[in-house]
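Q: The chain contents come next:
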Amino acid sequence: MLVFERIQNFFEIVLSMLGDPVAVAVLFGSVLLGIIFGAMPGLTSTLGVALLTALTYSMDTDLAMICLLAIYVGGTYGGSYSSILINIPGTAAAAATALDGYPLACKGEGGRAIGLTTTASTIGTIVSMLFVVSISPIISHFALQFTSFEFFLLAFFGILISGTLTAPDLVVKGWISGFLGLFLACIGRDRLQFFPRFTFGIPELDSGIEVVPVLIGAFGIPQIIEVLKAQTQMAKAKKLQRIIPEFSTVMRNIPAIIRSALIGVGIGAVPGIGEDIAGWVSYGTAKNTSKHPETFGKGELQGVLASETANNACVGGAMIPLLNLGIPGSPPAAMLLGALMLHGVTPGPMITFEHPTFIFEIAAILLLASVAMWFTGMVLAKQVVKVLFIPTQLFMPIIGVLCIIGSYSLGLSVFNLFLMLPVGIICYFITRMGYPIAPLVIGVILGPMADENLRRALMVSQGSFLPIFQRPVALILFLVIVFTVISQFRWYKRLATMVKDKLFNRNPTPRT
Amino acid sequence: MMEKETLRKADFFSGLAVCLLGLFIISQGLKMPMKDSWGGVMNVWFVSPALFPLFVGAMLVLLGALLVRSAINSIGLAGVREAFVYLGSHRLAAYLREEETIRFYGIVVALLGYVFVLVPSVDFFLSSVLFLLLFFTMFYCGDHAHLLRTLYGMGAGFALLIAMLALTLDKTLATAIPFPADWLVLCYIIILIAFNINAFRANQEDRRKLKISLIIGLIAPLTIGVIFKYFLMVPLPSEGLVVALLDAVWYADFWS
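Order-wise, the sequence lines are chains F and R.
Residue numbers for the first sequence follow my numbering, so the first one is 1 and each next one is one higher.
Residue numbers for the second sequence follow my numbering, so the first one is 513 and each next one is one higher.
Just chain R, same shape as in the assembly (with noise of 0.2 Å):
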């Protein structure tokens, strides 16, 4: 949590938030049927749709002024100032290239990443081993600055992935080969590899960190994956290249 003093000024800001939600919920409400006729049900205000949302949107409102009020009362006039003066001050810039404030990119970038673009259209063994790796290397291998590289090398791999996607580019490379976005996925992890063993070549203690971090990275996807689908017979999200291996080598039969 905030100190005290950062806490009231973002108080302001997220009471205006929930105060502007209220009324969004309210104007929302009032759309609903009241006094008409629904689906063959006239309508009185006791058993209207609206009620719930109406009230609900009403409380909000009120509690967010109230929250208003009270930032206002504890910072006064002059800090509410100051608190917008800081939004287009440099120091916020300062903030937004803080150590912590980058690993939070870090994290929520992958994160977005992973959910947004490529558990929907990637084989779900591959795009979670990316994500890991991603994650470890970020995280558990390395220093900031490896971060940050690592960081610039993940937008643009998923801006890449994002383009091919948003093109149909995927649609059209399946006619000639299979899974395409599985394939630049794994040439993405093989680069990614390499790239932190070279980075990683001359320090020992990075080096173990990397081995521990692939197999981890590997080995996690494949278990969880294997659990999921073969035993709890829950369809994965994305099923491509290394699950068609799997479905070949799980359903061969062996003995025949």
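Pulled out of the complex, with its shape left as it was, chain F reads as follows (with noise of 0.2 Å):
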């Protein structure tokens, strides 16, 4: 397709959502919902997600692609308003932006950082869609090329990167957590040969374990037993003045918030990485290359623009490997992954042929859905914060009752229920543990396809493993994976920085 036809086709794409007064409707709310779920603390816009994906189950595709969508935009920017306004992050992508939102709050420019993190959430928003509709042609035409080995890799690389950099703790327990995920995926009929594995004749589990709920079971419960058992109370927001942003300003910040955005995209794309990595990293590097460092932590608006920025560009960087290679880049991209598999759209690198407008469809629902945050951002952001008065003790058991009857509705199964609450608690205890669920979530999802590709690769092959040498793409994934591994061990870390005092002709590191 030449480019300017993808441009028109983008641009009608966008035009007829617009002229459809449901999908209009349809995304404002979901965006203001996705911002009062993103700006409570203890609500996730994974969360946000979980739930909107059984209440969309009976939509058409593309008007829940518009809520779930809608509403990862907004849960991901509204996470800003309690860390900017209560000191409190909404999420943990907002984690960074309490470090220097809260100082400019308490100095009486509170309104003034909410206007410009929703500018600069906008244009991170923007471009990351650039990249979505950018790079997903290349990447997607790439993947065509794909066989069984290179899947059953690139299924493992996503489950052993999450785990890699998703643990608080130990790297281990990142991996461990991915494994655990791959064995939830065994359970059920294998898809070959249909054969039961660890089913114990119970029928309901002959199907496989159902994603969705135990997504919910696994963000939500954890998420309501710690909110309420540590009985947080809110600190009294700071009052806000004028929230539209002075042109100057933003002007002046455009190279750190396209840098900032640059950065999300890059991590979004990462398999199951998040946005509070991106938040992070986005803000250590405004901190590392500014002139005046000292300054962050103390209510530096840089330190914001560059976590908000960096959140807001990881949903579209997030899209790029979902879409393409069915991969999902970060925890709501993974209850995306769901909700696209419970509507009958499976992403992948055949989604081009099965739905060729299907990409720009979700580039043109960023694109609205970031616009359409700005507005709300600038016209309610008075009224949302309002939200931050209501006692966490009166929410979470609500969203308790909201886990339970979504999950239960999206198979009509009470089986559904006894399995999301377990999942749940086991979650619960397992992230008291430092151990991540990124990657756990990422393992029940991948797992069926690492299964299903390593089998069909050793069949092609005979069960030889020779083709993984042999083939450039899957030989670079086998390197990356390897390399992911051994550079966790003590031994590879002493002797890099043994070659690398070597190199640079520096005094040996002490060891510590």
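One or more hints might be untrue.
Once the Cα atoms are required to be at most 25 Å apart in a straight line, the calculated DSS-like pairs of lysine-lysine come out as [as the list claims (entries may be wrong)]:
1) F:K229 - F:K107
2) F:K493 - R:K516
3) F:K298 - F:K107
4) R:K516 - F:K386
5) F:K229 - R:K516
6) F:K386 - F:K107
7) F:K229 - R:K723
8) F:K229 - F:K386
9) F:K107 - F:K382
Calculated Cβ distances over 12 Å to all of chain F for the following chain R residues [what the hints assert, rightly or not]:
10) G527
11) G600
12) A764
Only part of the chain R face toward chain F is listed, based on derived beta-carbon distances under 10 Å [to be verified]:
13) D523
14) G534
15) Q540
16) L572
17) S582
18) I584
19) L623
20) F643
21) F651
22) A714
23) Q716
24) K723
25) I724
Rather than coming from a laboratory, the hints here were simulated on the basis of the structure.
Glycine is no exception: its CB is placed at the ideal position from the N, C-alpha and C atoms.
Take the two lone chains, each set in its own frame, and fit them into one complex as the hints suggest.
A: And the structure:
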């Protein structure tokens, strides 16, 4: 397809969405709901997408996608409200925002900070949308050359890298979490020979574990337990003044915003890494490259802009591997994948053939959601911050009811609940012990892909692993996996330090 | 997340649990067809359904062992011994009686009761109203002593309901009264409300909180239930007393 045709196609989709009043109403409503979800400490955009997956089950795919992507975009941005105004991040993605956002609010510049973060988040989302449109066809075309070995290695790499980067404590715990997810994915009849695995004679397990209830349990239940157990008392929110940002300030910060957006897209595109890591990496980069790093943490506007731009740009970044390879780039993207599967859309290299305009539709929704987010942020910010006064003890139990009815409604099966709650309670305990949840979720989602492709590949090669070394992409993926694993060993780190010392003629670094 | 030293001690146990899970997966995997015929297909190792579970099991054993090793390296054998001593010590008993731990029991018992007892057998509206009121009165209104009293009452209520369902008394009673489990839960809700009104009689702030709790506790399930049942056309997990009443209202032909 020619570039001109692509652009024309994209704007036709945008216009057709704008021409549908229902779509526009759903867009603005979902963005607002997302902002509220993001703003309320304890509620996350992942949980928002999870709950709306149940509500949008009966909608047509396009409308459901508008709803889910809008809540994802709104939720990622909404976290900044509570970070800036009460010093409690509404979502993990906005944790870095609180470092400079709250000091700004204390100086009486909370409104200005929110206005600028709204604009920066909008720019971040639009930049990421541009990447979705431009890079997707290339990746998709490239992925068409993949055989089963590549898909197996890709799924395995996704789980491994997600475990490596999201582990808050030891990397090995991230990997264990990923393999636990792979084990959960083994449950049910295997898809090649229909042999029942780990079903223990329970007929409800024959079709395997329902992904969405497991995701709702994994993300929702630990959150409910954590918030109610801690009995967090909200601080009094700082007052908002003028919100609409000065044009000159925005223009002055454009290079920083673009840099943060690129970081966000890049991190979003890595499988399983969420908006929180994008926010922290971008914040760290802004601090390291600043001429006045000492001002960071004391109310530096660039710190707030860096984290907020990156976390919203991560949304589009996460869409790139999701749409083209079927591998979610972040936990909310994992939920989106579950929702897409419920609607009969299977993302992957074939998506451009099966649904030729789908990627444009997603890009169009991202564009419109970011614009809706800007308008909603500018017009309703003063009203939205009022939700910060609602005690968590009142809305968390309601979220519990929504998690339960949502999980049930996705298959009209009470068994889903019997699965969702134990998974949720186990996830609470493992989170407390420093195991990340994201690799587990990615493992549950990518497990069938890894299993089927490994066996298919071996079937074709008659049990030989040699093709891994004969196919360039497979070899690269294999080497990256090996590197990811060995880079965690202490002897490798020592060796790397020694080599660096030798190369740059430095005195040997003292061993710690 | 826990403190670093506590984490390492927990790692020792979680690593062992992961190893055991891995061994269990391998033992189950070895029972799957590797070379035999299954469904008319002659197996070879590389298409066997056991291949992936064996791989996952082996990796879990390996990673679990690594975690155990790292825990022992970090806290030493003395630390491991200390962790075992802790399991039988009065410090653990004290931890299990801490306010935060009791709040955890409250949350988990309410969730388990809601999912495993109420939702499958009691009208969705009634079970959700009870669930919300229990949560609100435990965590929003009152103090820790009130939470404890509610927790005991909740345990007793669930035990009564489980006994009724286990002895199939609901089926026996259903011949005389429709929806007996629903009536029991309704009575429980009324007792819970009366108990709370009495408990918060003297304190104006708690009275205000109880009023808010009652309003939200009644409105939220009704809103959620009506949206799912009548707008999204999702049949509720258990439809009883209130759903029958709502059906009568919703499907009533007022114009004929």
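Q: Out of the numbered hints, which ones does the structure contradict?
A: Numbers 1, 4, 10, 18, 22, 23 and 24, in rising order.
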